[in-house]
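What follows is each chain in one-letter form.
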Amino acid sequence: MLNLLVLAAEAPEVKWGIFVPDDSTIAGLFLALTMGILVYVMIQRARAGLPIPEIRRIAGLEAFEEAVGRATEMGRPVHITTYYQDVGDYDTWAFWAYLAHVAKLCASYDTRIINTNSEWLTMTVNEEIIRQAYLEAGRPDAFIPDDVRFMSDWQFGYTMGVAGMIAREKPAANFLVGYFYAESLILAEAGALVGAIQVAATSSTAQIPFFVASCDYTMIGEEFYAGAAALSKEPVIYGSVVAQDITRVALVALIIIGTLLNTAGSSFVIDLIKF
Amino acid sequence: MKREVPLVLTFVMTLLRFGFEMLNPMLTYEISEGVRLFSRISFSVTFMYCMGLFMGLINLTRVHGNTIRRRREHWIYSVWLLIVMYGYAILGLFFGGMESKPFTWIYDAVIVPLDSTMFSLLAFFIASAAYRAFRIRNVESVIMMVVAFIVMLGNVSLGEVLWSSEAFLGGFKGLKDWFLATPNAASQRAIGIGVFLGSYAAILRVALGLEKRYLGGID
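These protein sequence lines are chains A and B, in that order. With the working numbering, the residue at position 253 of the first sequence is 273, and numbering never jumps. With the working numbering, the residue at position 54 of the second sequence is 330, and numbering never jumps.
Source of the hints: derived by calculation from the structure; they are not laboratory data. We put the beta carbon where it would ideally sit given N, CA and C, even for glycine. One thing to keep in mind: the hints can contain errors.
[As the list claims (entries may be wrong)] Short derived list, chain B residues pointing at chain A, Cβ under 8 Å:
no.: 1; residue: L303
no.: 2; residue: Y305
no.: 3; residue: I307
no.: 4; residue: D391
no.: 5; residue: R413
no.: 6; residue: G485
no.: 7; residue: E487
Here chain B stands alone, though its shape is the one from the complex (with noise of 0.2 Å):
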């Protein structure tokens, strides 16, 4: 039974989620005025989240609490986060709302420059993971590098410089364009199409029963 029945509801969801997609009458069908079922339906959602905010804010006081009591290993760490979490979330409910400036402030020069400063590693984690990718050991790996080699120059004005996008072909600019346009562009649709085909399947197993492992298993 414990079992049966997610796989059941599994199924009249799956159902439900087709129709919506699929049948006008369905998706405009109303339980009262102004208020249809795919809303409700989504906003069962967004309560279902709103409950796991809830017992989350719960289960964390509850787990960095027993670790300052117990003054275990990094215990400081506990400490701010409760602060961090706690002050930050009575800023915003009893002072002035989302929108007042301390709130705003906290977010614009605390977590938009952490956010920027962890983005602007990639360009570092690019350059090293090109050169470990573009070191010549094959044919694949020479065509790799000739190409990204080309699309880099299409893409600064030194490129601009070199051979010019009013020139034969267009310059790097002309045969960037073609490369993106033309060859990535047709692969990246053949991998497009086999991931909405093996998304599909996979759907198709979840819906038929035959894939379980959301109930928590390993079989």
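Next comes chain A alone, as it looks inside the complex (with noise of 0.2 Å):
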């Protein structure tokens, strides 16, 4: 009956002939093309040893060699999740930046580092990334398969086995990177009771809160993602965060432009915007 009703109902007329009928998408199209430019540019200007912008410092990204110097002196393991993120989204991407950076800093100070997972191809990456720094550290044999643990594709039962290992083992260093929905708190409050020092990096607006209230770091938005440019400490990586801000000025002129117009009675923008 239903599919009846759908092929009874009017199908939307398509946008300029080929583009799909939705609110936004040229508009969309526009500013994905434009940042693909800027990025593109930056690029070249980079690789070509033309000056571009400093990434700005990141107070938190610094905090990640403390945290793991700190466990290293107290002879206690470091932790690190990125919670339910699989492998084709953006989040995991940023997230195995911070991975590859502490897995780096725990193989060169020789310090045990524990993965927790709740997502099985994105603990197969996590594996063979720590894998990988513990290989060019020359320490290939302290390497622990069994400290990138898969906990539970069920939300809170993850939380319990994440919440469950970090009282037993106690480590110096609890780091909470991604997306996170409402484990966030008591992941952190897990950490804050063994003493932890804790570094949050998240892009989920809802969760920001809950990790100023409980790490002693937290990156917000886009630091999350501007912070695993910066950790790579590649130029050229670093034209996409300066690709990123100018599009970002850009944005805000289109609002306050938007909103004297709107005000003014005019729809201009948000009809550009919607078209």
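Combine both chains into one complex, guided by the hints.
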């Protein structure tokens, strides 16, 4: 019956002959292309050795080394997790930059790194990244495969597992990096209870207050992605962050112009964005 | 070659996905009658996950079987894990399916209460985190505490008794609504715009092959 209704419904008109008939398709395409071109230009500038702006100092980013150093001094492990992000998620890609950084630090300081997972494909890549870090540090035998753990793909099953692990193994550093949901505060408070130095980096606006309340350092919103780029220390990757900042300035200008025009009674910018 | 093939595949799949989002002829393209290319590609992900589930089942049996055979530390938990995993799967597959009473009862009587118990811990953790966060150390924490106090009072009946929503400024409830709808929404949207741009730049880095950590390396 539902199929019949769908077939009977009039098909929406296609935009400009080929575009998907949704609000903001053309505006989105324009923004995507503009930013793509900007990224390309900035990368070319970086490759040619031309000056590009520096990424500002992010306090949370420097705390990673401090926290791993503290764990080494205390002889306790380091814990890092991203909860439930699959391999196709851009938060996972950013997380891998942090994981590689922490794994490199742990491998060079000979400190145990525990990675807990809720997604099996991500766990496989995580294991490879950590193994590679130990290999490059010349300590392949120090890598413990059992420390890359799958907890559960059920939210609170995973949370119980991680909280229990933190209570038992008492990591001296707890890194919560990625997109989190209701488990964020439980994980962060479990870390606070064992006295771990905690660094959180998240793009989830709903979880920012919890992390700010319970972690020593919190990287919010785009700091999380910019930090991932900054860790690479490659000017080519810096270029994409500069392009992102230029687009942001343009968007803020558009918001201000739109507000002024809308106040004056013109919906030009709104129509443009919805186009 | 081991690195080039995934990089090319990533770029092609990014273009395909972009096309599905933007171009109507691509989104509605049918490889046979009633079967869209988009749904077939989406199905490949489901297929991969099913294969992963099967491999996970074999791997768990192997790992925990070894633990039990060698009587490693906490081996009894491995026994329990295998009993629960296979028992619940057999119950669902051969005894009335997922709608059967024993199957749903185990879910309702075990999983749901455990879930709720864990979720309810949040209330206590919020209290302990709030205690640390609201200690007055500087101007920012004073502002945070005052605003949190107003929002809390705006949500409970005590706030209504102290300063009614009928009174000046809409009482605590009016102030709470203003805090949530104006400064809070504005800052959330600002962060949201930053997240969108940051995530888009991250996608571009991967699509253009600048970011290769998903291949398992550290650089």
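Closest C-beta approach of I307 (chain B) to chain A relative to 8 Å, hint status: Violated, because the Cβ-Cβ distance from I307 (chain B) to chain A comes to roughly 19 Å (cut-off 8 Å).
query: With 8 Å as the cut and Cβ atoms as the points, is E487 (chain B) at the interface with chain A?
result: Since the shortest Cβ distance to chain A is 6 Å, the answer is holds.
task: Against chain A, run the beta carbon of D391 (chain B) and see if the smallest gap drops under 8 Å.
output: Because about 5 Å separates D391 (chain B) from the closest Cβ in chain A, which is inside the 8 Å limit, the hint holds.
Restraint outcome when Y305 (chain B) is required to lie within 8 Å of chain A by C-beta distance: violated, 12 Å
query: Would the stated hint for G485 (chain B) survive a check requiring a Cβ distance to chain A of less than 8 Å?
result: violated, 11 Å
message: Let's test the interface hint: is any C-beta of chain A closer than 8 Å to that of L303 (chain B)?
response: At about 6 Å, which falls below the 8 Å cut-off, the nearest Cβ of chain A leaves the hint on L303 (chain B) intact, so it holds.
- request: Could you check if R413 (chain B) really has its C-beta closer than 8 Å to a C-beta on chain A?
  value: violated, 13 Å
The structure fails hints 2, 3, 5, 6 (numbered hints given earlier, in ascending order).
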